[in-house]
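Protein chains: 2
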Amino acid sequence: MKEPLKLGIAGLGTVGAGLLELIAKHGSGLEETLERRIVVTGVCARNRDKVRGFAIGDAVWFDDAVTLATDANIDCFVELIGGDEGPARAAVEAALKVKKHVVTANKALLAKHGMELAKLAEKSGVSLNFEAAVAGGIPVIKMLREALAANEVKRVYGILNGTCNYILSKMQDEHLAFDDVLKDAQAKGYAEADPTFDIGGFDAAHKLALLTSLAFGTKLPADQIHIEGIQTINAADIEAAHSLGYRIKLLGVAERTSTGIEARVHPAFVPEEAPIAQVSGVTNCVAIEGDFSGSVLLVGPGAGSKPTASAVASDIVDVARGLVLPPFLKPVAQLKPFKRANLSGHYGSYYIRLSVLDRPGAMASIAKRMGDRGVSLESIVQKKPGTSDAAAPVVLITHETTEENIRKALDAIEADGKVAARPQMIRIEEL
Amino acid sequence: MKEPLKLGIAGLGTVGAGLLELIAKHGSGLEETLERRIVVTGVCARNRDKVRGFAIGDAVWFDDAVTLATDANIDCFVELIGGDEGPARAAVEAALKVKKHVVTANKALLAKHGMELAKLAEKSGVSLNFEAAVAGGIPVIKMLREALAANEVKRVYGILNGTCNYILSKMQDEHLAFDDVLKDAQAKGYAEADPTFDIGGFDAAHKLALLTSLAFGTKLPADQIHIEGIQTINAADIEAAHSLGYRIKLLGVAERTSTGIEARVHPAFVPEEAPIAQVSGVTNCVAIEGDFSGSVLLVGPGAGSKPTASAVASDIVDVARGLVLPPFLKPVAQLKPFKRANLSGHYGSYYIRLSVLDRPGAMASIAKRMGDRGVSLESIVQKKPGTSDAAAPVVLITHETTEENIRKALDAIEADGKVAARPQMIRIEEL
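From first to last, the protein sequence lines are chains V and C. Sequential numbering from 1 applies to the first sequence in our numbering. Sequential numbering from 1 applies to the second sequence in our numbering.
Hints were generated in silico from the structure; no laboratory data involved. Glycine included, every Cβ here is placed at the ideal spot set by N, Cα and C. Incorrect hints may have been included.
[To be verified] Computed list of lysine to aspartate or glutamate pairs in EDC-like fashion (alpha-carbon distance at most 20 Å, straight line):
hint: 1; chain 1: C; residue 1: K219; chain 2: V; residue 2: E35
hint: 2; chain 1: V; residue 1: K170; chain 2: C; residue 2: E273
hint: 3; chain 1: V; residue 1: K119; chain 2: C; residue 2: E32
hint: 4; chain 1: V; residue 1: K154; chain 2: V; residue 2: E430
[Stated by the list, open to error] Pairwise CB distance ranges, derived in the manner of DEER restraints:
hint: 5; chain 1: V; residue 1: P4; chain 2: C; residue 2: K119; range: 22 to 30 Å
hint: 6; chain 1: V; residue 1: V98; chain 2: C; residue 2: K50; range: 52 to 60 Å
hint: 7; chain 1: V; residue 1: V98; chain 2: C; residue 2: A90; range: 48 to 56 Å
hint: 8; chain 1: V; residue 1: G245; chain 2: C; residue 2: I227; range: 35 to 43 Å
hint: 9; chain 1: V; residue 1: T259; chain 2: C; residue 2: K119; range: 50 to 58 Å
hint: 10; chain 1: V; residue 1: S28; chain 2: C; residue 2: S349; range: 35 to 43 Å
hint: 11; chain 1: V; residue 1: S243; chain 2: C; residue 2: A390; range: 42 to 50 Å
For reference, chain V alone in the conformation it holds in the complex (with noise of 0.2 Å):
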């Protein structure tokens, strides 16, 4: 039997509760697979005093993370505080220093930090494991790190936030106005008071900055990555999408082309037969195609207390095996730069939603507008103009183009002021 694996949790919030409970109900089972004891030996939170419901056990409380990540008495350090600066970053850093493992779900940190938390790890020789930071429950660290590991991988895609994908999800199976389906997806605790950081995309885009480095192996993108949100969705559109044979999500895509990397978040419409479409609510996944596996999907719950206890145990599983990898698929010094594509040269297929003013010739106008970058329709859908509205809403989907062809086209039909509205323009994910 080798020494027991001494754990030094910081952060005893939802997940810190998930990882004592499933420690102490899965902690006899883990020694029988792993022929060590797991022993949680130091704990620290931000508030001693508070009432939790679950037990400490014979772990030594600490105040301050920094000492406890530190401590002569822990071999891992687990990261479940938060933020990309503060108590987190601090105590991280010296557990790396210190040549103690560390685990975290904290996909901020990592994502703005990642690099040179990954090169301390590296020359201590220590683990730098965030299996939990990148769709909760589903191990897609472990399928980019080590299973496709001998792939050269073209595409990695998913829905990466549960709170968007519930609320598109709603809107759909309840004809619901987005406004609504936010209001009861924060009154049920799925959206923040502030949802910004959400359905602007940006959290989704911090996680595809972490895949986009592991699928590629590529330093991380940091800023470099297209965010939209979802908030200019709305019904006529989840709508449209229904009728035409599509879903619409939030997806996260990474994908090498000729000129680079292109590393987007944006709402897409997906074909409904294709599995990814079935994912509703706040269940997560991520699609990863490489050159050998071919398209390889993980569909599962993408938060939650259990869930990112189950993906942070699997990180400290690894580490009371012994195994210790570059934490970004290859060592730092062998991560190439992050290359951006310029999305204007993204090539796909894309749906337009106008409000088109009763003017005479208004869709011969569009048309020429889309004629003349050489954009071809495979469908137009025009409606009758609501009772109290002048303008009728014309929906196209339009053949493969570039984006730029499309963004100029849209410009000279809103220059032209043949539209009520700013074109709505959504990108046909080809699955």
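Got chain V sorted already, so can you dock chain C onto it with the hints?
Then chain C, alone, in the frame of chain V:
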């Protein structure tokens, strides 16, 4: 830089060719990732003189697999010969005995001799990796052995045989009869001349045996899996499933119950809105339900030269990284005996199709027999008999009950002489 990892590859069929192609294409990228070269030092196949579409480079040719497996100049033996006895078994055993790591895609060998081989591997302190043995390019072994190792698995299930899924998908999409689709599948190379191994469910059962041991930490169930094939599924069943909001899939299911583990391979109704219902053609999928992770679904190519080579390569990557794990989740001494649950206690809903003879009181007598066993019906669909047929097809969907009740009720209905053929019974799987 560490010493190169030296491979001996036995078997140069489609998977062996795919693996050599992968190593040729991605060898230098892998060297960056692993800080270690992967070198093929020896190969072996049945016929040295066969013209192959690839070069074996500097590798030494061996006529005998056991000689290659024990050669001083290899570290890791890759077995791609196939078969549960003969040279595959002899070479794998020989390799393990002389402390060579083993990577194999051979599900039949493992399902039959996995426990002995795992003991040999443990004794020698080497790896016995078999990612490619189940579900091709889908990394389900790594999921169970590593990513979800800190969970108590409640159920694992999946579409494990591409041939069956191709046949069932095509029957549904093109409204064709079983025999016609089977002939088409044989012509396309998706089914063997003797298709029994696939369509009888035996291939899926081999894979399920491995998944069961890994999911529940038990010894292999060997011949204790309940197996039904897809031969009895006809167009009427496919059509009825569709009209009731289901799809028919050949599933392998292993589930923890209060009396033991239910391990079963059979056609099943799955709700059409479940992601698994959208898994069509030769694609495979596996879902794992952990008590903390929740349900994690993996979807991907179930076979083929490249996806299988990707899985073999991921096993080699693990060997190159020095990761040596117990082959079946826990050390063999810690594996519990496989305790089979009696399928008569299976609790669920059922689809029943009867050919009811047009006699007075037939339906009343059928309803009474169901009632006698406490089986209540959710729906009854009765169709007019075809012109040339005196029997009318009747489709029943039951509420949840035990399999014993269903079987006894159906036996009584048959004994009553009110049906023209043996009743069709298909389990409805709750997802």
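To see whether the hints hold, each was checked on the structure:
1. With a CA separation close to 18 Å, the supplied pair K219(C) and E35(V) stays within the 20 Å bound.
2. Distance hint between K170(V) and E273(C) is fulfilled; the C-alpha atoms sit about 15 Å from each other, no more than 20 Å.
3. This hinted pair checks out: K119(V) and E32(C) have alpha carbons roughly 16 Å apart, not beyond 20 Å.
4. A distance of roughly 13 Å separates the Cα atoms of K154(V) and E430(V); the hinted pair therefore holds under the 20 Å criterion.
5. Under the hint 22 to 30 Å, the C-beta atoms of P4(V) and K119(C), about 26 Å apart, fit the expected range.
6. The supplied range of 52 to 60 Å is met by V98(V) and K50(C), whose beta-carbon atoms lie about 58 Å from each other.
7. The supplied range of 48 to 56 Å is met by V98(V) and A90(C), whose beta-carbon atoms lie about 51 Å from each other.
8. Between G245(V) and I227(C) the beta carbons are some 38 Å apart, a value that agrees with the proposed interval 35 to 43 Å.
9. Evaluation of the 50 to 58 Å hint for T259(V) and K119(C) yields a pass: the beta carbon distance comes to about 54 Å.
10. A beta carbon spacing of about 36 Å between S28(V) and S349(C) agrees with the range 35 to 43 Å that was offered as a hint.
11. Checked against the hint of 42 to 50 Å, the pair S243(V) and A390(C) passes, with Cβ atoms roughly 45 Å apart.
Hint check: no violations occur; every hint is consistent with the structure.
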